[in-house]
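Enquirer: We have chain A already, so just place chain B on it with the hints.
Protein chains in written order, with full-length UniProt numbering: chain A, 1 to 812; chain B, 1 to 310.
To be clear, the hints were calculated from the coordinates, so they are not data collected in a lab.
Positions of the beta carbon are idealized from the N, C-alpha and C atoms, including for glycine.
Some hints could be false.
Stated by the list, open to error - Partial list, computed: chain A residues near chain B (C-beta under 8 Å):
| no. | residue |
| --- | --- |
| 1 | G199 |
| 2 | E201 |
| 3 | T321 |
| 4 | T369 |
| 5 | A370 |
These are the residues of each chain, in order.
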Amino acid sequence: MQKLVVIGAGMASGRMLEHLFEAAPGEFDVTLFNAEPRGNYNRIMLSPVLSGEKSYDEIVTHDADWYARHGVHCRFGERVTAIDRARKVVLGASGDEVPYDKLVIATGSNPFIVPLPGHDLDGVVAYRDLDDTNRMIAAAGPGRRAVVIGGGLLGLEAAAGLRLRGMEVTVVHLPGHLMERQLDPAAGYLLRRALGERGIEVLCGANSKEIVGQDGKVAALRLEDGTEIACDILVMAVGIRPAAALGREAGLTTGRAIAVDATMTTSDPDVLALGECVEFEGQLFGLVAPLYDQAKVAAQTLLGQSAAFVPREVSTKLKVTGCDLFSAGDFAEGEGREDIVFRDPARGVYKRLVLKDDRIIGAVMYGDTADGNWFYGLMKDGADVSAMRETLIFGPGFQGGAPADPMAAVAALPDEAEICGCNGVSKGMIVKAIEGGAHTLDAIKICTKASGSCGGCSGLVEQVLALTLGGEFVKPAVKPVCGCTDLTHEELRRLIRSKSLKSMPEVMQELGWKTPDGCPSCRPALNFYLLVEWPLEYRDDLQSRFVNERNHGNIQKDGTYSVMPRMFGGMTNADELRAIADAADKYGAAVKVTGGQRIDLLGIRKEDLPSIWADLGAAGMVSGHAYTKGLRTVKTCVGTDWCRFGTQDSTGLGIRLEKRLWGSWTPHKFKLAVTGCPRNCAEATCKDLGVVCVDSGYEIGVGGAAGIELKATEPLAKVATEAEVIDITVAFLQLYREGANYLDRPHKWIAKTGGLDWIRERVVDDPDSRRALIERFDISQSVYQKDPWADHVATRAALYTPLADLTKEAAE
Amino acid sequence: MDTAILATPRPFIAATEVWLPSGDRLVHGGGDYADLTAFEAASIRQSFARGEGLPGKAWDEERPVVLKSFDGSYFLRAEAAREAGLTAAVALPVFDGKKLLAVLVVLCAGDETATGAIEVWRGQDGLLMLADGYYGAARQFEWVSQHTHFPKGQGLPGGVWAARAPILMRDLGSGYSFIRSESAGAAGLSTGLGLPVPLPGDDSCVVALLSAAGTPIAHRFEIWDARAARVGAAGGAELTDGICDRDGPLWDEDNPPRVQVWQGPIGQVLGTGLPVVLSARPGLAAGYNLMVALPIHRDGELSHIVAWYI
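Here chain A stands alone, though its shape is the one from the complex (with noise of 0.2 Å):
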């Protein structure tokens, strides 16, 4: 009988003996070690336990009446101190030898501990083992609160569980969406929701600086912005790391872990190693199904057969009771990648199927999980799922000899189907209301309410038409923002509005996105309506914008940048000329002064920004926001001061209305103007907004322009002081950030609006209106007005850093 060692009783050797001893029974003297003063046990069920849905009972594999059977010698709660190879033999941490003719490392995996300053208190956990989940039952209480640094898998089981047991729970986590490698922003949003409905607090983005003991105990976590979360325990779940040290030591061929071939032997021929602590072909692994794929070829291996482990695709499921969620595959963006999705916001599903070369990468699904493992089979086949494109995404259910029609999905519901959730409209409602005579979806809306509160299921509504109506049903040409939506600009900013949506991919799932991530035509649309809608609860996107707003620049065409102070109200001064003139000499700018009376900077290189903004920082400048569609320039005249035949102080106007306006981002760029007279020096008269100083006052027009169109403004209002003129002026520039589609400047949007006398009424007649539209705007400005460039300099410098200089590489 040959004498086998295994170091570690976890599922993997577990699942190895079981074929062994099934292949071969008596044919190996087992000897088994474990550091756990326990055998093998269901691991992955710990999270279910954690939450008192299981007991640990239930979830041993193999207990003492099975390793008894089997004539295993179990060496529990004794760990492995060192393996001598030369003299086959393993050294127990009670001092026995055990000699060995095969030895199989199964060490498993460490939890990883964030070296956080305080990690060694007491009630910092790791989430591992039995012991940890004991160590959390017995914090838990009610009342008691718990912190999670990890929004991944065993994270958020590790918060559901305590929440469960009663705790305030706040999970902590680094990525801007849970479980970031397993799901994509859409379906990390709808879960961090329902953990939201759970009681659970989720802090994306949230950067741990520290964790704040008291007497010797963990009090609280402290983040990087200097927020403190209290709590009575506090559970690292951010990753694991293989546990190979033993290998390592033995001499054993290592990398990040004890290398093995595809027979599960490792750099020893005696030695095999299986499991979390191995590296095959440099793939780590922590899931479980590769890990039985390896026990069986161990097995083999062990039994002198012949069997090689060859990695599969594996998904991933939560283990959150009411949480449906599947995740397999490669889902991230990349060449010649298709995604085809599915939304229902009233159901909360989302689906999403990454394709490439007509077969399945990746799958994400969440809500409705049904057909994960028939879309898994199709991923792990390779199978070409060209001719069922159309209906993939509707499940097994619609795939028949042909490929159907994608209208069939509706065409198969039954009449009591819901289709509009927001008011309770069945299919069969609307059916009646057609065969009644409501042949549009305005008819259909009036009838039945049916579209008629979100939106969300027009798009529905309109097939039932059809399908009903067949060629009689036109569907209505309106333009939709872009392929990725039928909505309207319109309709998004009113559905973000009354739907309180207050991020990008809970817009995109409540309004029933046809992509996952949309486009660059709707992100920067989306990014703009919401940071108008929510200045202090939403983030601005810097990757929803174009390329000159992301790095706060114009791109030349030989892919410099330019670069333009702002120069309030068109003054400048010496200091900060001198300080342009340095900063031209340093970084070899062309200089050249623009029609909005500032000074541009060209030909900086995208490494140089952030030192040339920092120069000009430095001489208190600050960024001219030449390249946004947000406030520009405020062109004024030199007014009373200087000028002859002057009425006003149109210079220092101009600097108070740039004062208070710049920085704020708006649909499109907008442009003003203060001309000191009617002789109009300042072009008042063809400006976004234009005023006019006159000598009873001030004449306010809008809706100049003087590009690709031509066009004179159209007078607004006349005041007599210089606060009407800045009030009007942000309530005008307010109402257009509120109300104009992105990309339509002003004289394209007070068009839309049928004319003036709309927006008179609201920044002039009324001045409750004018007042509210006003703060609004503060507030927003609170949030966004501050210098870019500044921010960037201390924030995002290094991402302006090329990533290698190819052309040095190229030299050498």
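Expert: Just chain B now, kept in the frame of chain A:
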């Protein structure tokens, strides 16, 4: 497990019956009365108008109703119940949207040794409060429960409320495994089945069945998930959780047991959408004598079935 021991405990629930709407009345739709034959005979003859008797009250008031004493109450079979030794009853209406499908009534023969709990929790100001409950002899636990509330996600009731799904909890009385663990442990309560009871216009009602080893509500609990989002267009239901004194754990994460419509007792519930009480019938799981299966209808579909066996 040793079935000889299991034969000994006296069940907490003495009789279970189903009432089905027929026209404007509720009529007897089956039940199990063990050896309470006189009460069974009286029940089969009975029917209830809306608002009449316990089932009629649950129908009329669209909520679970707990009746802890029959004397002088609206309970129509009070005399037969007294003769049968029955002292309390709980009526659980089964609604599909606004439509009443059935009323399940459980009757208990309370004495100073019968321990268990049937609780009704309702949402109020964002918290689950105890609306009513029957606890048998577990007085201390009853008092604690009356002074406990659950936010969403916390404890068995709060967990069910948040998950919108039934939850089965183990080891209620050991350590910290249950928010009311100390008093649950003192009362000998061991297993808890929480289930959502969707009511017209109210999504927050949760019923908890807490079982003690000495006078168990059941020896076997099952939770079946029948949502299309889980089982797909093919229909049927998957056993997502369960525990049995005879068979041990019933769940299988990788290959959950599945039944199709009309296949076996659970399949029958899937097919009819109605609760069933099956007794002394071959084919009941693990050789039990009685199975009660209660469907939960939510979002326009039969979403779950909970079943318990004695």
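Enquirer: Against each hint, give a clear statement of whether it holds in the structure.
Expert: For each hint, the structure was consulted:
Evaluation of the G199 of chain A hint against chain B yields a held restraint, the C-beta minimum of about 4 Å falling below 8 Å. Hint status for E201 of chain A: violated, given a least beta-carbon distance of 11 Å to chain B, over 8 Å. Interface restraint check for T321 of chain A: the shortest CB-CB distance to chain B comes to about 4 Å, inside 8 Å, so the restraint holds. Using the Cβ-Cβ criterion of 8 Å, the hint placing T369 of chain A at the interface with chain B is satisfied: the shortest such distance is roughly 7 Å.
Taking 8 Å as the C-beta cut-off, the interface hint given for A370 of chain A holds, the closest approach to chain B being about 3 Å.
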